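Protein chains: 2
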Amino acid sequence: MAEVKNKQVILKNYVVCFPKESDMNIVEGTITLKLPEGSSDVLLKNLYLSCDPYLRLLMAKNRYVGFGTYTLHSPLAGNGVSQVVESGNPDYKKGDLVWGPTKWEEYSLIPSSQIRFKIEHTDVPLSYYTGILGMPGLTAYGGFFEFGSPKRGENVFVSAASGAVGQLVGQFAKLSGCYVVGSAGSKEKVDLLKNKLGFDEAFNYKEESDLNATLKRYFPEGIDIYFENVGGKTLDAVLPNMRLHGRIPVCGMISQYNLAEPEGVTNLAHLIFKRIKMEGFIVNDFYHLYPKFLEFVLPHIREGKVVYVEDIAEGLENGPAALVGLFSGRNVGKQVISVVRE
Amino acid sequence: MAEVKNKQVILKNYVVCFPKESDMNIVEGTITLKLPEGSSDVLLKNLYLSCDPYLRLLMAKNRYVGFGTYTLHSPLAGNGVSQVVESGNPDYKKGDLVWGPTKWEEYSLIPSSQIRFKIEHTDVPLSYYTGILGMPGLTAYGGFFEFGSPKRGENVFVSAASGAVGQLVGQFAKLSGCYVVGSAGSKEKVDLLKNKLGFDEAFNYKEESDLNATLKRYFPEGIDIYFENVGGKTLDAVLPNMRLHGRIPVCGMISQYNLAEPEGVTNLAHLIFKRIKMEGFIVNDFYHLYPKFLEFVLPHIREGKVVYVEDIAEGLENGPAALVGLFSGRNVGKQVISVVRE
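Protein chains in written order, with UniProt numbering: chain A, 1 to 342; chain B, 1 to 342.
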């Protein structure tokens, strides 16, 4: 019965507005690295944890009913890449790499039914399974292709464009023959969008005093697809700039999650005038597409036709800062936590 | 060359906030009831004019690009039921009844290509072709069935429920085996919804101080389809009460058309949490469905299974008051103007 130390990131108190590092604690628990006789659970060694804006919703008490809530003084939970240490389910064996829901700790005991996918392709960075090959990648793929229905020559606008999902939407849009413009919150990110990620244009929304005018400048003929990651004022500026029969896949509204009173969107009547479809989704709607998605994206990654920018924080100790940093835009690219220092 | 008097309702000035009767004028022009040689136009005698909230959008200067704008000192235009006086197009002959775009005057000269449909069924009231058998009817049918995708047993909420479109959506929902609740702005309308139009429940939104709580009372399990006619605060209260994969066909936002600054909608993040589809449309998206719609609705009208409440103003002189009254909810049921006093 090998009992080992198990470092964890736990929730200290429920979050009301902006999350702070002090809302979380790093604690050192212990865990027995042996399954009880007859258990069908799996013991996982966590390698990479995915740091995502939606985790903020789970840090609130009762607020977002559909999303559940963390238990106080227990580790945060989210998606991650893990290695099987011991398995009570014959579908998984020691040493297997998996991705799916796990906890913010070094080792996790989880029901084997909770594992999302076994990792088959290891010629790409393992951390990619928290990003381009994991939840954000599938979200970008499903959201853009299923809800955006892109057609060659259409105009696409992506907010939070250098983020985990946005950077992929932009590249998928280019692969689809679209014109694509992204917005982000720093010069560094704007440069990344234009020089590395292949966006046609990009701008720093913090430097634009009249977002409506900015959008008119980049889209004199209007926007066909707005991939929505931020909500609030950006959405309000986009609506009058949409084209007839435009689509707005709604992936996130990160600008709104920390506000006690969200910003009001006043231009929704344009949904009628332009006959716009606005549709919310989460990755759960797309898991059935995962094999098809891998078939599409893996060759592009191997050929360098799709790239992925990651921002890797080393060690669980840096987890709280990484999570909090999402909401000030500190991360450049997909925020990952590497649990095991390499 | 029979020149006759032609009474008209003209636009005196562009409207900024609430339209007033004094924004329009009744003038007496003249018209020659004879087509010029070789003309392919038609001369119409207008019988009924349709009084619709969207006309307000055309009374604004440049505001709603997709919708065009009225010319100052010219008659208003909208849908109507008319009789052909003279025709330069062999498809129409003197005496034919037609419905489609016409002008707010006794006689109109219009391009024959502008006629929407010839009226074939006259065993129902002719005024119905401004309502249940015209634009509002087709809007309700297309919006509810194509964008609402109703399933038996689902929960439907309709705002402006006793209006031209809303009263039909409620009845179509009942025919589809749904539970349906409507909101309206007076006790008289609420009684109408419950006692004549077959809604399961109805309430006067003006008497509800907490619309969110009201909706929770009527929809303890949430709303599957919200047929949106009003926008603003009502939409904001509906969003947190939507069910997973709910649909919001957006037909109108009448509460917002007269506001210099529309109300802000703050709960849009629920589009993500509940994976809601919100889709704007106008009747133009549905004209191809008109024959199918007639086949569906005419038998129901004849058997009394679908009823239609009209509010008929007598004479063009009462047109401005009828139009302005839409925005204070003065009309009970579909507002029609009868041009020729009977």
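Be careful, since some hints might not be right.
Just so you know, same-sequence chains aren't split out, so a pair can sit in one copy or run between any two.
The calculated DSS-like cross-link candidates involving lysine-lysine, where the alpha carbons are at most 30 Å apart (straight line), are [stated by the list, open to error]:
id : residue 1 : residue 2
1  : 233       : 94
2  : 216       : 61
3  : 34        : 277
4  : 45        : 61
5  : 20        : 174
Simulated from the structure, these hints should not be mistaken for laboratory data. Values in this document were obtained by computation on a predicted structure and should not be read as measured data.
Evaluation of the provided hints:
1. Proximity of residue 233 and residue 94 under a CA criterion of 30 Å is satisfied in neither setting, with 49 Å inside one chain copy and 55 Å between copies.
2. Proximity of residue 216 and residue 61 under a CA criterion of 30 Å is satisfied inter-copy only: 20 Å between copies versus 40 Å inside one chain copy.
3. Taking the shortest Cα distances, residue 34 and residue 277 never come within 30 Å of each other, neither inside one copy (51 Å) nor across copies (47 Å).
4. Only within a single protomer do residue 45 and residue 61 lie at most 30 Å apart by alpha-carbon distance; the minimum there is 29 Å, versus 65 Å between protomers.
5. In this assembly of identical chains, residue 20 and residue 174 lie within 30 Å of each other by CA distance neither inside one copy nor across copies; the values are 37 Å within and 50 Å between.
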